[in-house]
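Asker: Now for the letters of each chain:
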Amino acid sequence: MESKILKPILGVYVALFILFLYGPFIVLGIISFQQGPEGGPQFPIIEWSTYWYRHLFGMTPPSRIAPLPVGEALIRSLTLAFMTMVTSTVLGVMAAQAFRKRFRGSGFVFYLIVLGMMVPGVLTGLGISLLANNVLDIERHWFTTAFVAHVVYTFPFAFLVMLAILNRFDGSVEEASWSLGVSPARTFRKVTFPLIFPGVLSAMLFAFTLSFDEFPRTLFASGRDQTLPLAIYGTFSVEIHPNIFAFGVMTTLFSFALLAVYGILMGLSIRRAKKVAMQEEIE
Amino acid sequence: MSAVTETKRDKTRLMLLAPGVIWMLLFLIAPILMIVYVSFWTQTTFSINSTLTLESWRNFFGSEAYVGALWTTLKMWLIVLSATFLIGYPAALYIGLLVKNQTIATVLLVLCVIPFWTSFLIRVLAWRPMLGKEGAINIILQKLGLIDTPIEVLLFSELSVIIGMTQIYVVFMVGPIAFMLGRIDRNIIEAARDLGAGFGRIFWKIIFPLSLPGVVVGAIFVSVMVLGEFATSGALSGRKVNLLGNIIVTQVGSLKWAMASVVGVILTVLLGIVVAGFLRIVDLKREL
Numbered sequence: 465m466e467s468k469i470l471k472p473i474l475g476v477y478v479a480l481f482i483l484f485l486y487g488p489f490i491v492l493g494i495i496s497f498q499q500g501p502e503g504g505p506q507f508p509i510i511e512w513s514t515y516w517y518r519h520l521f522g523m524t525p526p527s528r529i530a531p532l533p534v535g536e537a538l539i540r541s542l543t544l545a546f547m548t549m550v551t552s553t554v555l556g557v558m559a560a561q562a563f564r565k566r567f568r569g570s571g572f573v574f575y576l577i578v579l580g581m582m583v584p585g586v587l588t589g590l591g592i593s594l595l596a597n598n599v600l601d602i603e604r605h606w607f608t609t610a611f612v613a614h615v616v617y618t619f620p621f622a623f624l625v626m627l628a629i630l631n632r633f634d635g636s637v638e639e640a641s642w643s644l645g646v647s648p649a650r651t652f653r654k655v656t657f658p659l660i661f662p663g664v665l666s667a668m669l670f671a672f673t674l675s676f677d678e679f680p681r682t683l684f685a686s687g688r689d690q691t692l693p694l695a696i697y698g699t700f701s702v703e704i705h706p707n708i709f710a711f712g713v714m715t716t717l718f719s720f721a722l723l724a725v726y727g728i729l730m731g732l733s734i735r736r737a738k739k740v741a742m743q744e745e746i747e
Numbered sequence: 416m417s418a419v420t421e422t423k424r425d426k427t428r429l430m431l432l433a434p435g436v437i438w439m440l441l442f443l444i445a446p447i448l449m450i451v452y453v454s455f456w457t458q459t460t461f462s463i464n465s466t467l468t469l470e471s472w473r474n475f476f477g478s479e480a481y482v483g484a485l486w487t488t489l490k491m492w493l494i495v496l497s498a499t500f501l502i503g504y505p506a507a508l509y510i511g512l513l514v515k516n517q518t519i520a521t522v523l524l525v526l527c528v529i530p531f532w533t534s535f536l537i538r539v540l541a542w543r544p545m546l547g548k549e550g551a552i553n554i555i556l557q558k559l560g561l562i563d564t565p566i567e568v569l570l571f572s573e574l575s576v577i578i579g580m581t582q583i584y585v586v587f588m589v590g591p592i593a594f595m596l597g598r599i600d601r602n603i604i605e606a607a608r609d610l611g612a613g614f615g616r617i618f619w620k621i622i623f624p625l626s627l628p629g630v631v632v633g634a635i636f637v638s639v640m641v642l643g644e645f646a647t648s649g650a651l652s653g654r655k656v657n658l659l660g661n662i663i664v665t666q667v668g669s670l671k672w673a674m675a676s677v678v679g680v681i682l683t684v685l686l687g688i689v690v691a692g693f694l695r696i697v698d699l700k701r702e703l
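In order, the protein sequences belong to chains X and R.
The numbering used here puts the first residue of the first sequence at 465, with every later residue one more than the last.
The numbering used here puts the first residue of the second sequence at 416, with every later residue one more than the last.
Among the hints, erroneous ones may be present.
The list that follows gives simulated cross-link-like pairs (lysine-lysine, PhoX-like), each with its CA atoms no further than 25 Å apart [claimed, not checked]:
1. K468(X) x K655(R)
2. K565(X) x K515(R)
3. K426(R) x K468(X)
4. K654(X) x K423(R)
5. K471(X) x K426(R)
6. K426(R) x K565(X)
7. K515(R) x K620(R)
8. K471(X) x K565(X)
9. K426(R) x K548(R)
I should point out that these hints are in silico values taken from the structure, not numbers from a laboratory.
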């Protein structure tokens, strides 16, 4: 049987494939412990140290190496990601709710929304900048022009996630609620929303992480105050130091923390849903 | 259903859809139309005005550097697309079809996605200490005695851009293909095997055709991202590889909005052709 030979070979291949995916990250992790401030972003490691981590937090004596401008940029990026998350999730839930029944023009609306994730960021950013500069005559800011560009990108993801959730949704509970005379708005709040909450959480996580790391749209649309990816991009043109790698390790840890919070919330909401279901069975 | 509730339902739907649709029309469609419009504006050294002219278009097609960037973009797109497919398909085949245990398959997929929680730009930068003259790959190859002198072509070349982009985008190919492979009814494969078909025949006659929608979705993802790229080529090629995206960035940097718009329109048209082409291969709406 060929698959008896094929399977182990492909197993080894997948191991190598995953090594390929993680290679740069392993190197990045190692070099973040390079000796400082003379040690550069290359091998070999002269001496292991946490210098670049301390450098990141301004805990090292001043040297010729400028600190990464992460403080304010980080706060801006977090704020922007939060704004984007809330807006695109609300828009996504609303639009997906409208798609529960097929309607005339649904194809057009579907493609219009999905187009937002298909158009390269560099084009969205360029177009919005042109509009701001030449038509609206407003100054570009991360919380205005970059914000709308981010939502254009994350709204389709939220929409698709909610669409997938609502497709599997049992509408009879809602109908039961309506027929008992509960208003549609209250039904949504009390019945529909708790049931689709795991999907909403996923949509929020998607929107937040996509916006937090979004770079091409932000580059043109954000004006003079930098967000985090722009601050990192700024270091591309100058000499690179291992502080950027130390920062990479830190942001990854932060992302995992975020992921853990998501996992906990998800687990709690599933457990609560189970509890409710059990209570119903008892009654 | 009475006419009154029907109109009421239409009204609710309209209210639910309006914010999203208006958002996309204002901040996605209008900006793209604006790019087309501005590509015909008159650009002077310090300013731009709305007198319509073909000057920027003539400049683009008259310049070897710009047209060269168009060819480079097409070339890099083709290479990275093939590389992500060739490298990604076997991995997807293993994860989506050959691993019988659902938990292991999920763990493998999650392992593939984890690197995405590191900033994109830092992932790009991490290839520098990997590929450099004194980089990890050269050190390992030298320690193994496979090479005497470091390979210099690894960094600041087309090759480094291809390696970097392939690693960053290959997962977008693996995911959809693994998903489609996972949906194949194993009984079909069993039946074919019972009828005496070898693995090669089963693969080409059953597995590959059924995974095609996944390949198309993956190819669209990778194409959209690679065609709009500029950061990877900027960071890893040492300005040797200029893609259309890089031209847009430099033109905007020197406030040449009209030329940036010309390149933007060309990029949009290119993408339209590519995506439409892929959608002709497979009717996604029917498959999904």
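Asker: Now, for every hint given, state plainly whether the structure supports it.
Answerer: Do the hints match the structure? See the list:
Proximity of K468(X) to K655(R) is assessed by CA-CA distance (about 46 Å); at most 25 Å being required, the pair is judged violated. Taking the CA atoms of K565(X) and K515(R), the gap is near 37 Å; set against the 25 Å cutoff, the hint is violated. A hinted pair counts as satisfied when its Cα atoms are at most 25 Å apart, and K426(R) with K468(X) does not qualify at roughly 60 Å. Proximity of K654(X) to K423(R) is assessed by CA-CA distance (about 22 Å); at most 25 Å being required, the pair is judged to hold.
Of the pairs offered as hints, the one joining K471(X) and K426(R) is violated, with about 56 Å between alpha carbons and a cut-off of 25 Å exceeded. The hinted pair formed by K426(R) and K565(X) meets the criterion: a straight-line CA distance of about 13 Å does not exceed 25 Å. Our distance criterion of 25 Å between C-alpha atoms is met by K515(R) and K620(R), whose separation comes to about 21 Å. Under the criterion of a C-alpha separation no larger than 25 Å, the hint pairing K471(X) with K565(X) is inconsistent with the structure, at around 44 Å.
Distance restraint check for K426(R) and K548(R): the Cα-Cα separation of roughly 65 Å exceeds the 25 Å cut-off, and the hinted pair is therefore not satisfied.
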